[in-house]
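This is what each chain is made of:
Number of protein chains: 2
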Amino acid sequence: METPEAPKQDETDTDAYPSIGDWAQCSADPQYRAAVVDLLGALAYGELSAFERLAEDAKLAPTLDDKAALAGMAAAEFGHYRVLSDRLAGIGENPAEAMQPFAEALESFHRMTAPADWEEGLVKAYVGDSIAADFYREVAVRLDDDTRELVLGVMADTGHAEFAVGKVREAIAADPRIGGRLALWGRRLMGEALSQAQRVVAERDALSNLLIGGTEVRGFDLVEVGKMFNRITEAHTRRMAALGLAS
Amino acid sequence: METPEAPKQDETDTDAYPSIGDWAQCSADPQYRAAVVDLLGALAYGELSAFERLAEDAKLAPTLDDKAALAGMAAAEFGHYRVLSDRLAGIGENPAEAMQPFAEALESFHRMTAPADWEEGLVKAYVGDSIAADFYREVAVRLDDDTRELVLGVMADTGHAEFAVGKVREAIAADPRIGGRLALWGRRLMGEALSQAQRVVAERDALSNLLIGGTEVRGFDLVEVGKMFNRITEAHTRRMAALGLAS
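From first to last, the protein sequence lines are chains A and B. According to full-length UniProt numbering, the first sequence is numbered sequentially starting from 1. According to full-length UniProt numbering, the second sequence is numbered sequentially starting from 1.
Warning: the hint list may mix true and false statements.
Note that the list lumps identical chains together, so a pair holds whenever it fits in one copy or between two copies.
[Unchecked claim] For lysine to aspartate or glutamate, the following DMTMM-like pairs were computed, each having C-alpha atoms within a straight-line distance of at most 20 Å:
#	residue 1	residue 2
1	LYS59	GLU104
2	LYS227	GLU138
3	LYS227	GLU192
If you are wondering where the hints come from, they were derived from the structure by calculation, not from laboratory data.
I would like the entire structure built from these sequences, with the hints used as guidance.
Take a look at the structure:
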């Protein structure tokens, strides 16, 4: 089945942005290099912790087929982790060191949003994956060609959305009362994600500079960061509505 | 580093056994077919639950590198699960149904042997992986060519042993007192594994018939089953000794 109403990506269409050069050219700027190391570290830790949480949620699966499906998604996230980790190693960085600064924010997010049951886990997988994909796309346009290709490649094709959307719709159809609880849950997930994202932006200069254009990579100021968070929130709202959940 | 003192496989050298034919020929016998479906179901559930436990143990990892290493092993186990599950589907069987009869024995094993810390998790990964590999090799010689190739392929190259052995040796070198506790732990793991294996043999006629030669695949009687368990236990003893642990 299709993912309902994919968020419009016109504003972040990569074709609309000219190339800023390849990694060899751009990484000569130490600030740009630091920002990309931060970004890859954050994404790598995100994938590793997504692996852990999906594997954990697989325990809640009502059937062996569901368990295997979630385990498969977890294994796919680990594959993404490896791509990011290999790139970090390939540019001479220690992956564990690059990830460490983001461990606390991501662990906090997961600790604050531990699913109480299978349906909450599915909504979290769907919402988390979608927000991550939105963020990847937003940030990709600000990157050199090589890093952009890597980031968009890692984002593609996780298959979470389809599976989770189908299962959540089935669950709501079977028992419409759970819709209210899951709507509340979706709001909480988005709130925690924004709160941790703001924490990271406040703490990591290099990464924030990339986002607000401080490295002059692109004219992108604080107003633009606000707009980016708005776009991601709006896409979340549309997705929740398509799921039949008020957000 | 190398795995210490790999168990001698002379007695189960696959070259010593002539082919009994391919899957198309052998599966014409409904008892043989049922035995292989049982075997693949048991192995598939074993891989899926190994995935879950390794992912769980990754949480105990003292460093991000260790966490990533364990997550990678979990992802590899999931890859094996997929190979077995695809084969079951390919011969017209429902993988979840084939796995279900073995869920309880494997879950019991894992419930009885939940590691209390990182080192216990490593010893369990090593012991579990090695016992599984021994069992795969023992049973492989009783199989048709196609199933044998599949089973030996799934067994190969998990990389658990090297990693776990290195880490456990480091831990014992750093604090020799933990050796006693880990030796006890190794005995408990082997005891629980044998106990659950005997339960499965008692409950699953088709699989047991394959093991004791009831399908006349090979002259393999109850004495031989006992010998097989002995060989696996001896290999375990040698491995524990090589780790510096009395068994």
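Results of checking the hints against the structure:
In this assembly of identical chains, LYS59 and GLU104 lie within 20 Å of each other by CA distance solely across copies; the values are 14 Å between and 24 Å within a copy. Within a single copy, LYS227 and GLU138 get their C-alpha atoms as close as 11 Å, which meets the 20 Å cut-off; across copies the closest is 62 Å, which misses it. Proximity of LYS227 to GLU192 under the C-alpha cut-off of 20 Å is restricted to the intra-copy arrangement: shortest distance 18 Å within a copy versus 58 Å between copies.
Hint violations for this structure: none, all hints satisfied.
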